[in-house]
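Novice: Protein chains in written order, with the numbering used here: chain V, 1 to 893; chain P, 1001 to 1160.
Quick caveat, the hints were computed from the structure, so don't treat them as lab data.
None of the values given here were measured: they were computed from a predicted structure.
Among the hints, erroneous ones may be present.
Unchecked claim - Here are the computed lysine-lysine pairs in the DSS-like style, where the Cα-Cα straight-line distance is at most 30 Å:
#1 V/131 <-> P/1102
#2 P/1116 <-> P/1073
#3 P/1102 <-> P/1116
#4 V/167 <-> P/1103
#5 V/167 <-> V/420
#6 P/1077 <-> P/1102
#7 P/1043 <-> V/167
#8 P/1023 <-> P/1043
#9 V/892 <-> V/826
#10 P/1116 <-> P/1103
#11 V/56 <-> V/71
#12 V/167 <-> P/1023
#13 V/131 <-> P/1077
#14 P/1011 <-> P/1073
#15 P/1011 <-> P/1043
#16 V/167 <-> P/1011
#17 P/1077 <-> P/1103
#18 V/131 <-> P/1011
#19 P/1077 <-> P/1116
#20 P/1073 <-> P/1043
#21 V/420 <-> P/1077
#22 P/1043 <-> P/1077
#23 P/1023 <-> P/1073
#24 P/1103 <-> V/131
#25 P/1102 <-> P/1011
#26 P/1103 <-> P/1073
#27 P/1011 <-> P/1023
What the hints assert, rightly or not - Quick partial rundown of chain P residues pointing at chain V, CB under 10 Å, derived from the structure:
#28 1021
#29 1043
#30 1046
#31 1056
#32 1060
#33 1061
#34 1062
#35 1066
#36 1067
#37 1068
#38 1099
#39 1123
#40 1143
Even for Gly, the Cβ is constructed at its ideal location relative to N, Cα and C.
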Amino acid sequence: MAIWIDGRRHEADPERNILDVCLSRGLDLPYFCWHPALGSVGACRQCAVKVFKDDKDTRGRLAMACMTPAKDGTRLSIDDAEARELRRSVIEWLMLNHPHDCPVCDEGGECHLQDMTVMAGHLVRRTRFEKRTFRNQYLGPFVRHEMNRCIQCYRCVRFYADHAGGKDLGVFGAHDAVYFGRHADGVLESAFAGNLVEVCPTGVFTDRTLGRHYVRKWDLQTAPSVCVHCSLGCNTTPGERAGSLRRIRARYSGAVNGWFLCDRGRYGYEFVNSERRVRRPFVRGEAATSEVTPAALARAWSKGRVLGIGSPRASVESNYALAALVGPERFHQGTSAAQTALVATIIRILREGPARTPSLREVERCDAVLVLGEDVASTAPMLALALRQSVRRQPERAALELGIPGWQDGAVREVVGNRKGPLFIAASVANEARELDELATRTVRAAPEDVARLGFAVAHALDASAPEADGLFGRLPAQIAGALAGAERPLVVSGTGAGSEAVIQAAASVAWAAGAGRGRAAELVYVVPECNSLGAALIGGRSLAEAFAAMERGEVTGAIILENDLYRRAPEADVDAFLDRAGHVVVIDHLAHDTASRASTLLPAATFAESSGTFVNNEGRAQRFFQVFDPDSTDIRPSWRWIAALDGATDRWPNLDELQAALARELPIFGEIAAAGVPAEYRVRGARIPRALHRQSGRTAITANRELHEPRPPEDPDSPFAFSMEGAPRVPLARLAPEVWAPGWNSCQALNRFSAEIGGALLGGDPGVRLLEPIEGAPPAYFSPPRVDSLPEPPPDSLLVVALHHVFGSEELSALAPGVAELAPKPYVALGEEEALERGVSEREEVDLSIDGGPILTLPVRIRPGLPRGAVGLPAGPVRFVPAGSRARISKR
Amino acid sequence: MTWTPSAAGQKRIDEIIARYPSKMAACLPALRLAQEEIGHVSKEAIDWVSRRLELPRAHVQGVVSFYTLYHQKPVGKHVVQVCRTLSCALVGGERILDHCQKKLGIRPGETTPDGKITLETAECLASCGSGPVLTVDDEFVENLTIESIDALLDRLRSEP
C-alpha cells in the first residue's frame, strides 16, 4: 500500500494516520497533541496538510494529518502554500502567551515547541499585548511547574489521567485561561508523574532534580542504559556532566518499556552522587590508595578458604567473576534461603514448562489477566501501567468493529466508556493507592496460602487433570477460568513479592492449565525482587544461609561480598555472627552500609553509570548497560575488575568481551549474552560512537581548574563508545545511539527518526536477547496445592509476617535519592481493620513487635484496609529485613 | 470542614443520581444543587460532590472552573454577566462592559459594596443576533445600549 506525499510515492500502513506515516518516512511535519502512545485527538491543529481527492483535484482541502487515515492512494501535500500558512498562523497563536524565557527555561535546547516554531516558520512575533500569567504550583520533589509556558495541547492530562490513571492532575478554567495542575499545591500522586517532563512539549513540567544541578541536553554525556530499581529492566538514558549524574530519561524500547518510566526509575539515580558512595579503598577502616591496595588484596585473598557472596543487584559479569574466583562450591548467591528458592522455582517453571513470558509491551496486548499474590503497582510499577492498558483490549474491540482505528483516541475512549476487560486480583495486599483495584473485575484479599489455593482451583477449573484444591471461593474460580479461556491472549502475573512458593506454583499451574482448551498455555509473568535477580540466579550458587553455615562449621576463614548489604537479607544476629567469625571480609560495593563498615578491606565499585555489564530482567531478557561516564577517581572500578585484581591476574579478563566469552563457554545459558551488547571493537566507519552530542561545550575548560592542558579522553576498553563528542555522527543501530537527536529535532521527539515505523522496533532491532524460552507444548507437570492440614499449627496469638512494598523506599539504591527518601514511609507495622479492632490498637499507636522470638521492635501502627486477619505487614526497606512467612507477636505498650 | 446539603437536597441528589447510568453524569446537577443551597460552589461543596459521586476532586473542580454559571466565590444578590465574545464585541460589547464597570465602580469578578450586584464576563451566550447581550441571573437582556444599561442597573440597585 502506498500514499503520495508532494508527488512522491511512500509506502504506508493503512492502520496508521497520515501524520504517523509522514514522520515514519522521515518527513518534517509539526505537531503537538499527537503522541504515539496516546493517539490522536486533533486538538492543536498544528499538523494541517492539503489532501486531494485524486490526481485531477488541484484545489484539495485542508485536513489534520493526525486525524486522517492513510488510505491506499491518498494524495497529500505538506509543502502546499495554504497548508504552510495555516501551520505558521497556528503556531503564531499558540505562541501568543508563551513567555520569551527560553534562556532560563530548563527545556531550552530540547524543546519540542522551539523545534516546531522553527519548523512551522513562525519567526517574528507581532503581538503587542500583555501575556496571560498564572500562579504555579508545588508538585512535589520531582516535577517543577511553570504554567505560563503552556500551549494547551492537553498531552499532560491525556497521559496522566487517561493513560496512567492519575486522579489529581486536571484541567481548570476555559478559553484563554486554561490551567493544568492539581486542585491545590501538593505532591503529584501518580508514580508516573515524571513522564510529564517528556510528554509536555515545552517547559511547563520540568525535572526538578535536574534543575538542582542543571546543564543543557547538549552538555550531557549519555549512553544506553538499563534501570536498576526493579526487575523489569526498563531502558534508560542517564546523563552526566563533570562527574555527577544529572538525570535519567526514558529510553525507548519497542520490546520493554516503550516511551515511559516510573518515578522510581527516573528519580532514583541520585544514589550515584550520594555522600554514602565509597570512593576509595579502605583497609581496616583506614583510607588506602590504589598503590598500596594490591598488597592488601593479596593478604585478603587466601585461595581456597574464602567464600564468595554474590548479589542480585550486581551485573551478570561481576557475579560470574566472583564465582570463577572462589569456585562454584564456595559461591553463594547472596539472597536468603527462601528468596533463593523462590527465584529457582521461577526459573525452573520458565525453562521447563510450556508458558512463555511476554515482554512488557506484549503485556499491554493481553486481554484477560489474573494477578496472583503480587502487589505489582509497588514492586514493578511499569508492569501495572501495562496492565492498565490491557483492560482496554476487550472493550475497544467494539470500536474496531465500528471501523474506528485504534489511534482515534477520543472516539475509542467514547466507545470504551467505563467498560473494562477481565482483570482478577488475588493478593494479600495492594499498594496504598490501590491503583489496580479500581480496574479489577474482582479483587480478593487473602493470606498467601489462600491466594495459592484460589490459583489451584482456577487451574482445576481450566483443566480437570490439574489437581483439585480446597473449595474456598465459591464460583470465583470458574468465573476466572471462563475469562481466561475466552480470551485471545490470557495472562497470569505473579512474583516473589508474597514470599510464597505455593503462590508461584499456583500461577504456573493456571497458565499451563489454560492450554487445555486452547492448545497453548497462557502467558506468564513473574516479578522478581531486583534488577538482576534472574541473571544472578542463572549463574547458580547456594543461598546465604549455607554461607552462614559453612562459616559456622569453620570451613572457611574469609568472605568476599559483592555489592550486597547482608543486613537486608537476614536477621541482624545471623549476619553479626557470620561477620564476627570471618577472618577477612572483603566488601566490593559502591555504597557504604553496615556490611561495608565491617569489612577488613572495602573496595570502591563502579555503579551502573560508571561501568558496562549485563542485567537479566524478569522476562529473562539479557540487556547491556553501557558506561555513561568515567569516574574522576581511578580507584572506582567495575566489581569484576577488582575481583580479577584480587586474584593477582588483572589480565585474566582484559575487557568485558573476554569475560563474557569465558562466561558463555562455561554456562551455556549465557551463550548469546554477547548479542545483548556490541563488541568493544565495533566501529562506525572506523570511528567510535561519541557519548556527547556534537554541540557539547567547554571541553577545554571543564578540567582547567586542575590541569591547564586539555586531557586526553579516557580509554574505554569495554565498549565502542568514546568519552567525547568526536566520532561517528550517526549510528546505524538505533539501540546504540547515546541520545536521540536529528536535524531540526532537538527534543525527545527526535525518537521518530529512530524506528522504521513509529511505536515499532528500533532501527536495527530492539536491544536485549531472551535467555529463557519455554518448551512449547511441554505437558504440564502440575504442582500440588498446599494442604490445610499439612501446615504446622501456628503458635497461638502469632501473626503471619507479610512484606509491604512501596514504590518509594523499598528499593535499596533509589532510597538514597533525596526526592525518593522524602516520599518513603517511616518504619511502621500494619494491621488489617479487623485485626486492629480485635486487639484494640489504633492508628499511630506504638506497639512492640517480635519476629520469631527475636529482639523487640517498637513501631507505630498503620491500619491497612484489606490486610487479612492473622497477618501483620512490615514495610520492606524502611524495616531493613522483613522475613515474609515468619510468625510475629505484637503487644500493646 | 465538611459540608453536606439539607435533607431535601440529599433526597434530590439521590433522585438525580438514579437517572443516569454512571454517577459522573450527575456532576453538573449536583454542583447546581450545592450552589442553590450555599449561593456559590465552595471548596467544601466540591469535596462533597467528589465524595458523593466518587469523582477525583481535580475533575469536579475542573468542571466548576469551566462553566461561568458556577460561582467559585460568594456573589451579590444579582449576577450580571456581559458577553465578551466576537459577535457582541463587533457591536459594542466592550463599551457596554466599560460602562457597567464605571457605573458600578467595580471590575469583573467583583461585587458592589452594598452586596447587590456582581459583575462578570461570559463567553458567547448564544444570542449573537441580538447583541450586545448580558444576563441578569437566569434572564437575557438583549440589544443593549448605554441607556438600557443605566435603566437596568438603576432598577437592580433600587430594589429593596
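Novice: Under the criterion that the straight-line Cα-Cα distance not exceed 30 Å, is the pair residue 1103 of chain P, residue 1073 of chain P satisfied?
Specialist: holds, 22 Å
Novice: With a cut-off of 30 Å on the C-alpha distance, tell me whether residue 892 of chain V and residue 826 of chain V pass.
Specialist: holds, 20 Å
Novice: Go through the hint on residue 1060 of chain P and say holds or violated, using the shortest Cβ distance to chain V against 10 Å.
Specialist: Holds, about 8 Å.
Novice: Below or equal to 30 Å on CA atoms is what counts here, so check residue 1011 of chain P against residue 1043 of chain P.
Specialist: OK: residue 1011 of chain P and residue 1043 of chain P at ~22 Å, within 30 Å.
Novice: Tell me if the straight-line CA distance from residue 1102 of chain P to residue 1116 of chain P falls inside 30 Å.
Specialist: It holds: about 16 Å lies between the C-alpha atoms, which stays within 30 Å.
Novice: Taking the least C-beta to C-beta distance, is residue 1062 of chain P closer than 10 Å to chain V?
Specialist: holds, 4 Å
Novice: Sort out whether residue 1043 of chain P lies within 30 Å of residue 1073 of chain P, counting only the CA atoms.
Specialist: holds, 9 Å
Novice: Straight-line Cα separation of residue 1103 of chain P and residue 131 of chain V no greater than 30 Å?
Specialist: Given that 30 Å is the threshold and the Cα spacing comes to 28 Å, the pair holds.
Novice: Report holds or violated for the interface hint on residue 1099 of chain P, using the least CB-CB distance to chain V and a cut-off of 10 Å.
Specialist: Status violated, d = 23 Å.
Novice: With a cut-off of 10 Å on the beta carbons, see whether residue 1067 of chain P makes it to chain V.
Specialist: Where the cut-off is 10 Å and the nearest Cβ of chain V is about 8 Å from residue 1067 of chain P, the hint holds.
Novice: Take a quick look at whether residue 1102 of chain P and residue 1011 of chain P sit within 30 Å of each other, Cα to Cα.
Specialist: violated, 44 Å
Novice: Keeping to a limit of 30 Å between CA atoms, is the pair of residue 167 of chain V and residue 1023 of chain P held or broken?
Specialist: Given that 30 Å is the threshold and the Cα spacing comes to 16 Å, the pair holds.
In the structure shown, a violation is registered for the earlier hints numbered 4, 13, 18, 21, 25, 38 and 40, in ascending order.
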